[in-house]
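S.K.: Quick note, the sequences are listed as chains Z and B, same order. If you count by our numbering, then the first sequence holds residues 1 to 115, one letter each, in order. If you count by our numbering, then the second sequence holds residues 1001 to 1115, one letter each, in order.
In short, the hints are calculated from the structure, not lab data. As the structure is a computational prediction, the values presented were derived from the model and not from experiment. Don't be surprised by glycine CBs; every beta carbon is placed ideally from N, CA and C. Careful, some of the hints might be misleading.
Some but not every residue of chain B turned toward chain Z, in silico, with C-beta under 8 Å [said to hold, decoys possible]:
hint: 1; residue: P1008
hint: 2; residue: Y1048
hint: 3; residue: F1074
hint: 4; residue: G1107
Subject to a maximum C-alpha distance of 20 Å in a straight line, what follows is the list of computed EDC-like cross-link-like pairs (lysine to aspartate or glutamate) [what the hints assert, rightly or not]:
hint: 5; chain 1: Z; residue 1: K38; chain 2: Z; residue 2: D18
hint: 6; chain 1: B; residue 1: K1057; chain 2: Z; residue 2: E96
hint: 7; chain 1: Z; residue 1: K3; chain 2: B; residue 2: E1078
hint: 8; chain 1: B; residue 1: K1014; chain 2: B; residue 2: D1086
hint: 9; chain 1: Z; residue 1: K38; chain 2: Z; residue 2: E10
hint: 10; chain 1: Z; residue 1: K3; chain 2: B; residue 2: E1056
hint: 11; chain 1: B; residue 1: K1011; chain 2: Z; residue 2: E44
hint: 12; chain 1: Z; residue 1: K3; chain 2: Z; residue 2: E96
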Amino acid sequence: AQKVTQAQTEISVVEKEDVTLDCVYETRDTTYYLFWYKQPPSGELVFLIRRNSFDEQNEISGRYSWNFQKSTSSFNFTITASQVVDSAVYFCALSENFGNEKLTFGTGTRLTIIP
Amino acid sequence: DTGVSQNPRHKITKRGQNVTFRCDPISEHNRLYWYRQTLGQGPEFLTYFQNEAQLEKSRLLSDRFSAERPKGSFSTLEIQRTEQGDSAMYLCASSLGGGTDSQAFFGQGTRLTVV
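In isolation and in its complexed conformation, chain Z is listed as follows:
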């Protein structure tokens, strides 16, 4: 069975600080996808990134960066120079299928950026 663990329930940082959200996953498959979604107060899940299990290169997109380490089954997400608009609940998710039709989500990390 697959499982995603986000041990940090809530994090608060002061604006402009960097923050890292942790994600640890479990799967028996060798082929899988990892995702991060953002859920603002409006409730809609916003896609941030998808990474397949064969690509361990770290990725940077603006202030966002992701660190994928297969050896530790982790897929951590860092926001640099945080902004108030980054306040939301962030979910890490795993799909063992080719695509994303069946996602297993973690319990989420609520991030609050203090002005």
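Got chain Z; can you put chain B on it based on the hints?
M.R.: Frame of chain Z; chain B shown alone:
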């Protein structure tokens, strides 16, 4: 195109009543998914459709739950004889294909409260 649309956004019902939710996916998206999210938890997969065919159902989807996608476009999720434990956010998502570049787009959800 305005994204995945879900109606109603909120529903309050008395225990024992039946409720039906509607999801309109992004045009031409052939895959449609239903998830349930309870307070403080990540979304949990319920079921998904490819066109009009329901390809997989989670064991979370008890006999009181039924989902349809009659013409491969919009979908409905019905809950019969609602229970207080059914109170949750019901999220719908759609995607095109399911290949390596596929991405699920989520709606804003229907929040169900059973009193």
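S.K.: What are the numbers of the hints that this structure violates, sorted from low to high?
M.R.: 1, 3 and 7
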